[in-house]
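As given, the protein sequences belong to chains R and U, one line each in that order. Be aware that the first sequence starts at 1, since it is given in full-length UniProt numbering, and climbs by one per residue. Be aware that the second sequence starts at 1, since it is given in full-length UniProt numbering, and climbs by one per residue.
Hints in this document: simulated from the structure, not taken from any laboratory. Worth double-checking, as some hints may not be accurate.
To be verified - The calculated lysine-lysine pairs, modelled on PhoX-like cross-linking and capped at a C-alpha distance of 25 angstroms, are:
{"id": "1", "chain 1": "U", "residue 1": "K82", "chain 2": "R", "residue 2": "K204"}
{"id": "2", "chain 1": "R", "residue 1": "K79", "chain 2": "R", "residue 2": "K204"}
{"id": "3", "chain 1": "R", "residue 1": "K235", "chain 2": "U", "residue 2": "K6"}
{"id": "4", "chain 1": "U", "residue 1": "K2", "chain 2": "R", "residue 2": "K35"}
{"id": "5", "chain 1": "R", "residue 1": "K78", "chain 2": "U", "residue 2": "K70"}
{"id": "6", "chain 1": "U", "residue 1": "K70", "chain 2": "U", "residue 2": "K80"}
{"id": "7", "chain 1": "U", "residue 1": "K82", "chain 2": "R", "residue 2": "K110"}
{"id": "8", "chain 1": "R", "residue 1": "K235", "chain 2": "U", "residue 2": "K80"}
{"id": "9", "chain 1": "R", "residue 1": "K110", "chain 2": "U", "residue 2": "K70"}
{"id": "10", "chain 1": "R", "residue 1": "K189", "chain 2": "U", "residue 2": "K80"}
{"id": "11", "chain 1": "U", "residue 1": "K70", "chain 2": "R", "residue 2": "K204"}
{"id": "12", "chain 1": "R", "residue 1": "K204", "chain 2": "R", "residue 2": "K189"}
{"id": "13", "chain 1": "R", "residue 1": "K204", "chain 2": "R", "residue 2": "K91"}
{"id": "14", "chain 1": "R", "residue 1": "K78", "chain 2": "R", "residue 2": "K10"}
{"id": "15", "chain 1": "R", "residue 1": "K146", "chain 2": "R", "residue 2": "K78"}
{"id": "16", "chain 1": "R", "residue 1": "K176", "chain 2": "R", "residue 2": "K189"}
{"id": "17", "chain 1": "U", "residue 1": "K80", "chain 2": "R", "residue 2": "K110"}
{"id": "18", "chain 1": "R", "residue 1": "K204", "chain 2": "R", "residue 2": "K118"}
{"id": "19", "chain 1": "R", "residue 1": "K78", "chain 2": "R", "residue 2": "K189"}
{"id": "20", "chain 1": "R", "residue 1": "K35", "chain 2": "U", "residue 2": "K6"}
Stated by the list, open to error - Listed next, the stretches of chain U that the computed footprint assigns to chain R, with coverage defined by at least 3 CB atoms under 8 angstroms from CB atoms of chain R:
{"id": "21", "stretch": "11-23"}
{"id": "22", "stretch": "44-55"}
{"id": "23", "stretch": "75-82"}
Just so it is clear, CB atoms sit at the ideal spot from N, CA and C, and this is done for glycine as well.
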Amino acid sequence: MKEQLKQEEKNKYSIIIPTYNERLNIALIIYLVFKHLRDVDFEVIVVDDGSPDGTQDIVRQLQHVYGEDRILLRARPKKLGLGTAYFHGLKYASGNFVIIMDADLSHHPKYIPSFIRKQMETGASIVTGTRYVRGGGVHGWNLMRKLTSRGANVLAQTLLWPGVSDLTGSFRLYRKSVLEDVISSCVSKGYVFQMEMIVRASRKGYHIEEVPISFVDRVFGSSKLGGSEIIEYLKGLLYLMLTT
Amino acid sequence: MKHILKIMGLLVAISAIWIGLIETSVIPRSFTWLLPVYLIVSLGCYGLLMVGVGLMLFPTCPQEAVLLQKDIREAREFLKDKGVDVGSD
């Protein structure tokens, strides 16, 4: 037990949150992070892509409340993509572990302690959140959405043998050195990028563990899944099949 | 080894078994010719079964939505107190 406590003292967690027009959600997310990580050494790195809705102003207000050493605002001039957002945030991360998550409240910070615990128990290099096992789950998806998600998952499992149950999830904990290694070899965009990250990590032999998470879809705002998304997904699968 | 090579290796092994079965005539020829078709159809059925079962057992968490709303109210109260702009949407 004392060994584990010593470990906790030595570990620092950098939480990278890419944002675009998340003025409302970013404040809520940061409140919840601070609420659930009281005994953890961490920092939050907000990578905002020039949001026109004033997201950065809100982050500055939050810095007054929580401290500029705990909340880092590392903005970019315009929308430059998710993968590069992580890459950008990584440059400023001072922790030895990096947690990536979405800013729209679909990922709840209360699961972060279970990521940390799982990593410490198993010594894993990557802990990824999965919505598809018991203990996890999704809310706010209609039947069609669930069908496409399940179909996409079965297809990916059959073609890629990835070793994880949730390929497109973006709520993950990485050992910083591992993230740096994997991210440099990924070229995809959007959620295919998340798939590429975990598949490449799996191919490289990194120890990957999963924890169940709940995913509440889009409290504020809306998200769509259309025909072009499906085409992108199939193209991404083919790309991953041939190049990993 | 690249993943695609593993898949091709598997396909080559299956093809070798199939050709072997044709050559040695252990099973009647007409049946052997149709084996690949049976295999693909079974694979398709298995896939559909997996999708159907997964759909039925899809884990949902309606209670999480309720908890989230509670968390949002709590967060808004705290932050409004501290002067952070959490105005209405």
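Now the hints, each set against the structure:
Pair hint K82/U plus K204/R does not hold up; C-alpha atoms about 46 angstroms apart against a cutoff of 25 angstroms. Our distance criterion of 25 angstroms between C-alpha atoms is broken by K79/R and K204/R, whose separation comes to about 30 angstroms. Of the supplied pair hints, the one linking K235/R and K6/U holds, its CA atoms being roughly 20 angstroms apart against a limit of 25 angstroms. For the hint pairing K2/U with K35/R, the CA-to-CA distance comes to about 44 angstroms; that exceeds 25 angstroms, so the pair is violated.
Only pairs whose Cα atoms come within 25 angstroms are accepted, and K78/R paired with K70/U is rejected, the gap being roughly 33 angstroms. The straight-line distance between the Cα atoms of K70/U and K80/U is roughly 16 angstroms, inside the 25 angstroms bound, and the hint therefore holds. With a C-alpha separation of about 22 angstroms, the suggested pair K82/U and K110/R falls inside the 25 angstroms cut-off, and the hint holds. Restraint check for K235/R and K80/U: the C-alpha separation of about 46 angstroms exceeds 25 angstroms, so the hint is violated.
With a CA separation close to 13 angstroms, the supplied pair K110/R and K70/U stays within the 25 angstroms bound. Distance check on the hinted pair: K189/R and K80/U sit about 37 angstroms apart at the alpha-carbon level, beyond 25 angstroms; violated. At most 25 angstroms may separate the alpha-carbon atoms for a hinted pair to count; K70/U and K204/R exceed this at roughly 42 angstroms. Restraint check for K204/R and K189/R: satisfied, since their Cα atoms lie roughly 20 angstroms apart, inside the 25 angstroms limit.
Note on K204/R and K91/R: the hinted pairing holds, with a Cα-Cα distance of about 23 angstroms set against a maximum of 25 angstroms. Simply put, K78/R and K10/R have alpha-carbon atoms about 36 angstroms apart, too far for the 25 angstroms limit, and the pair is violated. For a cut-off of 25 angstroms, the pair hint linking K146/R to K78/R is broken: about 32 angstroms separates their Cα positions. Straight-line distance between C-alpha atoms of K176/R and K189/R comes to about 21 angstroms, which keeps the hinted pair within the 25 angstroms bound.
Taking the CA atoms of K80/U and K110/R, the gap is about 21 angstroms. The hint holds against a cut of 25 angstroms. With a C-alpha separation of about 21 angstroms, the suggested pair K204/R and K118/R falls inside the 25 angstroms cut-off, and the hint holds. Between the alpha carbons of K78/R and K189/R the distance comes to roughly 16 angstroms, so the proposed pair stays at or under 25 angstroms and holds. Distance hint between K35/R and K6/U is unfulfilled; the C-alpha atoms sit about 47 angstroms from each other, more than 25 angstroms.
For the stretch 11-23 of chain U, the stated coverage by chain R is violated: 0 residues have a C-beta nearer than 8 angstroms to a C-beta of that chain, whereas at least 3 were required. Figure legend: the stretch 44-55 of chain U, annotated as covered by chain R; annotation consistent (5 residues with Cβ-Cβ distances under 8 angstroms, at least 3 required). Against chain R, the stretch 75-82 of chain U contributes 5 residues with a C-beta closer than 8 angstroms to a partner C-beta. That satisfies the three-residue criterion, and the hint holds.
Violated hints, listed in ascending order, are 1, 2, 4, 5, 8, 10, 11, 14, 15, 20 and 21; each of the other numbered hints is respected by the structure.
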